[in-house]
Amino acid sequence: AQSVTQPDIHITVSEGASLELRCNYSYGATPYLFWYVQSPGQGLQLLLKYFSGDTLVQGIKGFEAEFKRSQSSFNLRKPSVHWSDAAEYFCAVGALGGGADGLTFGKGTHLIIQP
Amino acid sequence: EAQVTQNPRYLITVTGKKLTVTCSQNMNHEYMSWYRQDPGLGLRQIYYSMNVEVTDKGDVPEGYKVSRKEKRNFPLILESPSPNQTSLYFCASSPMGRGPETQYFGPGTRLLVL
Numbered sequence: 001a002q003s004v005t006q007p008d009i010h011i012t013v014s015e016g017a018s019l020e021l022r023c024n025y026s027y028g029a030t031p032y033l034f035w036y037v038q039s040p041g042q043g044l045q046l047l048l049k050y051f052s053g054d055t056l057v058q059g060i061k062g063f064e065a066e067f068k069r070s071q072s073s074f075n076l077r078k079p080s081v082h083w084s085d086a087a088e089y090f091c092a093v094g095a096l097g098g099g100a101d102g103l104t105f106g107k108g109t110h111l112i113i114q115p
Numbered sequence: 001e002a003q004v005t006q007n008p009r010y011l012i013t014v015t016g017k018k019l020t021v022t023c024s025q026n027m028n029h030e031y032m033s034w035y036r037q038d039p040g041l042g043l044r045q046i047y048y049s050m051n052v053e054v055t056d057k058g059d060v061p062e063g064y065k066v067s068r069k070e071k072r073n074f075p076l077i078l079e080s081p082s083p084n085q086t087s088l089y090f091c092a093s094s095p096m097g098r099g100p101e102t103q104y105f106g107p108g109t110r111l112l113v114l
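Protein sequence lines correspond, in order, to chains A and B. Start counting the first sequence at 1; every next residue gets the next number (the working numbering). Start counting the second sequence at 1; every next residue gets the next number (the working numbering).
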């Protein structure tokens, strides 16, 4: 069965500093990986996704993520965070088959931005 | 505008009183799904549907029912809600292709069962 681990429950970063959120996955085949963001009181918004090809993927809002098969990781990065980036971030792995198995989510990382 | 809508957005009910949370999408997606989100547990899939009249259980289906009579709608039914079903619920949809597709999420329904 597929699984996703986000080892950091909370992360605090100063505004303007760089950010890296960790995500490790377990999946028997080629993983399809996603990062979603959930702002307070809001639904989930897709930041970026990896299906194949270039292992460094660019997303919205200045985020990027790098797929490393050897480490089973898909860490999310941003060079300089803004106060509006404070939110809950979820890493997810999906299955082949048009999403028939749905998405398996990590438990989320709560990002706090210090002024 | 392409979107997934859910109603109601907020609901307070009492144990045992049947309720339905509606989900509708206007993107002609075949695949629809329900998740619940609980603190420290992330999102877990309740039920999913790959097309009209085709539904299947996800990871946490107990206490829930769904139906898919029309392509655009996928209601979640709680026949006899209990306090442990207090949660934030998300509906999602995606096209069914030959590979994985991005799921689009509704705004969420926050349910409190007293």
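Please note: incorrect hints may appear among the correct ones.
Within a straight-line C-alpha distance of at most 27 Å, the following computed DSS-like cross-link-like pairs (lysine-lysine) qualify [stated by the list, open to error]:
#	chain 1	residue 1	chain 2	residue 2
1	B	K57	A	K107
2	B	K69	A	K49
3	B	K65	A	K107
4	B	K17	A	K49
5	B	K17	B	K69
Quick caveat, the hints were computed from the structure, so don't treat them as lab data. This structure is a prediction, so every number in the text was calculated from the model and none was measured.
Check each numbered hint from earlier against the structure, then list the numbers of those it violates in ascending order. 2 and 4
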